[in-house]
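Visitor: Got chain W sorted already, so can you dock chains G and X onto it with the hints?
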Amino acid sequence: MRALLSVSLALAAFTAAAANERPVPPRPGLDFQSAETRQMQSDDGANPGMLWVEQGAALWRRVEGPEQRACASCHKSAADSMKGVAARYPGVDAASGALLNIEGRINQCRKQRMSVIAYPYESNELLALSAFVSYQSRGLPRKVAVDGPARPFFEAGRAFYNERQGQLNLACGQCHNDNWGKRLRGDVISQGQTDGWPAYRLEWQTLGSLHRRLRACSLGVRAEVLDYGAPEYLALELYLAWRGEGLPLTSPSVRR
Amino acid sequence: MDGNDSRQRRDAAMIDGAQVSRRSIVCGGLAFALVPALARPAQATPAEMADAIRELTGGTAVKPGRVKLVLPELAENGNIVSLAVTVDSPMTDADRVKSVHIFSEMNPVTTLVRFHVSPRAGKNPTLLTNIRLADSQRVTAIAAMGDGSFWSGETSVVVTIAACIDGG
Amino acid sequence: MPQPTRIVMPTSAKKGEVFQVKTIIQHEMESGFRRDNRGLAIPRHIITSFVVRYAGGEIFRADMFPGVAANPYFGFTTTAVETGEVVFTWTDDRGDVTTERRTITVA
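Residue numbers (our numbering), protein chains in the order written: chain W, 24 to 279; chain G, 2 to 169; chain X, 30 to 136.
Looking at chain W on its own, in the form it has when it is part of the complex (with noise of 0.2 Å):
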C-alpha cells in the first residue's frame, strides 16, 4: 500500500513537472513568422523547401553500391512505409543501443543495408532524404518514447536545455518557455518547436537541418557550437520532440 501510494506521489510529481515544463498548448513554429513567411511555407508551389523534397524522392530510388539497393529495394514506397516514421524519431536502436534522428537513421542504413559511405551533415544529399522522409509525416502527430531504453538520453536532452550556457548565461528555456510570445526586437520568441524541421531558413537561403538550427542557438548565446550529431543535440532533439508531443509535423518548413 505504502510502495502504490509513493509510486502514486512519484507519478503525480512528475506529470505535474511535465506540465510545467511543456508549453500548453503546443504551438507550431509557423505560429510565429510573418504573414509572407507563412504564405511561402503553406503554397507548395512557392515553398523553397520542396527542392529537397523532390530530390530526395529520386535519391530513395537510386540504386547504389555492391549491394545494388536504394532506399526503395527494402521500404518500397515511402507513402507507405515512412508513413508517420518522422514522428516517432528521435529513437534509441535496438541493436546498438544508440539514440538515432532521421539522419542517422537514413546513414546507418547506408552503412550496414547498402555498404555505401554516409552522406555528412547538410549535404544537399541528406537534407534532401530527410526531408523527404520528413514529409511522409507531414500532418502526423510527434510521439517519441522516452522510457526503457531512452530514458537515459531523454534526461540527458532535459539536463541540457535547462542548463544555463555560454557567455550570456541562458538556458533554452528561459527564452521559448518563460517568454515565447513576447518580442526579442522585431521577433516573437517561438516555443522552440520541432514540428517543421528540416526547415528552409530565410536567412541560410537553403534547407537546413535541426542541428544546423541548434548550433545558431549555441552560437547566439555564445555557448560552444557543438559537431553536428553531437550527443548533446541528439538528446536534446528527443526532449524537444516529446516537450512538442502532438504537434503535426510540417516540415519542409520556412523559418525566418
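Just to be clear, a hint being listed does not mean it is correct.
[Stated by the list, open to error] With a cut-off of at most 20 Å between alpha-carbon atoms, the simulated EDC-like pairs for lysine to aspartate or glutamate come out as follows:
(1) W/Lys106 to W/Glu77
(2) G/Lys99 to G/Asp136
(3) G/Lys99 to X/Glu87
(4) X/Lys51 to W/Asp66
(5) X/Lys51 to W/Glu77
(6) W/Lys99 to W/Glu87
(7) G/Lys124 to X/Glu87
(8) G/Lys124 to G/Asp89
(9) G/Lys124 to X/Glu46
(10) W/Lys134 to W/Glu90
(11) W/Lys205 to W/Glu44
(12) X/Lys51 to W/Asp67
(13) G/Lys64 to G/Asp148
(14) X/Lys43 to X/Glu111
(15) G/Lys69 to G/Glu155
(16) W/Lys134 to W/Glu87
(17) G/Lys64 to G/Asp96
(18) G/Lys99 to X/Asp92
FYI, nobody ran anything at the bench for these hints, they're computed from the structure.
Guide: Okay, now just chains G and X, sitting in the frame of chain W:
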C-alpha cells in the same frame, strides 16, 4: 537634394550601427556586428535608378498607375522578399503588357528582374518572384505596354534582421 | 550541370482557360558582392535567363540580376491553347543550362 539623400543614408547607417551593437548584446556573436559594416557593397542611388528607368523608356514619361506592386511592408530578411506585381490590362492586341521591370534604389545593382509577358498571359497578368533587398527602401515596378506607354507602381519595404542570426 | 527544379502546374486544362505555373530551381544566385572568410570576393554565379515555351511560342521570360533571391522562384499565367509540351529553360552565367518539360492535355 543629393546632399540631403546622402546625409539621410549616413544617418541610416549610424542607426544601423546602433542596432548592430545592441543585437550583439542581445543575441549573437561578434562576427555579425562586423559583417554589415565591412562587407556592405556599393549601393545604387535613386539617381542611378532614374538613369536605368530613362534607359528603358528613352525619355518617355512614366505615368503612375495600372501597376500594383505588392511587397511586405516589413521584410523578415532581405535575402528573400516575396514580390507580386499585377498590371491592369485586357491583354488585347491594342492594349497589352510587353514587359515589367523591377528597380531598386539601394541594391548594388539597380535592376532586380525583368519579366517579358506573352500576349497569352491572360487579363491583368500577375507575376511572382522573390527578390533580395540590401536595405529598407522604395521598390519601383514599371510596365512597358504594347502602345509604347509606360506605367509604374511602387512600394516601400522596411528590411529587418532577425533577432537570432548566425551569419551562416 | 542541370540543377534540381520544381514545377507546379495543371496536367490538363480547357481550351482558352488561363492557368498558373510556378517554378523553383536550386541555385545559390551568388551575387558577386559577398566575401569569404578570408575577405576575398566570391565570384558572381547567377542564373541570368529563364524562358518558357509552349504551343509554338514563348509564354514567359525573365532576365535575372543579382537581386533575384537564391533558388529563383517564378509564378506566371498562360492560356491553354493545345495539348503539348511546356519547355522550361534556365541558363546561368557560366553557360550551364537546365531544361525541364511538362505535358498539358487541353480538351
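Visitor: Next step is simple, just say for each hint if it's right about the structure.
Guide: Structure-based check of each hint:
1. Of the supplied pair hints, the one linking W/Lys106 and W/Glu77 holds, its CA atoms being roughly 16 Å apart against a limit of 20 Å.
2. For the suggested pair G/Lys99 and G/Asp136, the alpha carbons sit about 29 Å apart, so the restraint of at most 20 Å is broken.
3. At roughly 12 Å between alpha-carbon atoms, G/Lys99 and X/Glu87 fall within 20 Å of each other, so this suggested pair holds.
4. Between X/Lys51 and W/Asp66, the direct Cα distance comes to roughly 10 Å. Compliance with the 20 Å bound is thereby established for this hinted pair.
5. Distance hint between X/Lys51 and W/Glu77 is fulfilled; the C-alpha atoms sit about 15 Å from each other, no more than 20 Å.
6. Distance check on the hinted pair: W/Lys99 and W/Glu87 sit about 15 Å apart at the alpha-carbon level, within 20 Å; holds.
7. Under the criterion of a C-alpha separation no larger than 20 Å, the hint pairing G/Lys124 with X/Glu87 is consistent with the structure, at around 17 Å.
8. Using a Cα cut-off of 20 Å, the hinted pair G/Lys124 and G/Asp89 holds, with the two alpha carbons roughly 8 Å apart.
9. In summary, the hint linking G/Lys124 to X/Glu46 is supported, as the alpha carbons are separated by about 11 Å, within the 20 Å threshold.
10. A distance of roughly 11 Å separates the Cα atoms of W/Lys134 and W/Glu90; the hinted pair therefore holds under the 20 Å criterion.
11. As the CA atoms of W/Lys205 and W/Glu44 are separated by approximately 18 Å, the hinted pair is consistent with the 20 Å bound.
12. At most 20 Å may separate the alpha-carbon atoms for a hinted pair to count; X/Lys51 and W/Asp67 meet this at roughly 9 Å.
13. Restraint check for G/Lys64 and G/Asp148: satisfied, since their Cα atoms lie roughly 13 Å apart, inside the 20 Å limit.
14. Straight-line distance between C-alpha atoms of X/Lys43 and X/Glu111 comes to about 9 Å, which keeps the hinted pair within the 20 Å bound.
15. Only pairs whose Cα atoms come within 20 Å are accepted, and G/Lys69 paired with G/Glu155 is accepted, the gap being roughly 8 Å.
16. In summary, the hint linking W/Lys134 to W/Glu87 is supported, as the alpha carbons are separated by about 11 Å, within the 20 Å threshold.
17. Straight-line distance between C-alpha atoms of G/Lys64 and G/Asp96 comes to about 15 Å, which keeps the hinted pair within the 20 Å bound.
18. For the suggested pair G/Lys99 and X/Asp92, the alpha carbons sit about 14 Å apart, so the restraint of at most 20 Å is met.
Checked against the numbered hints given earlier, this structure breaks only hint 2.
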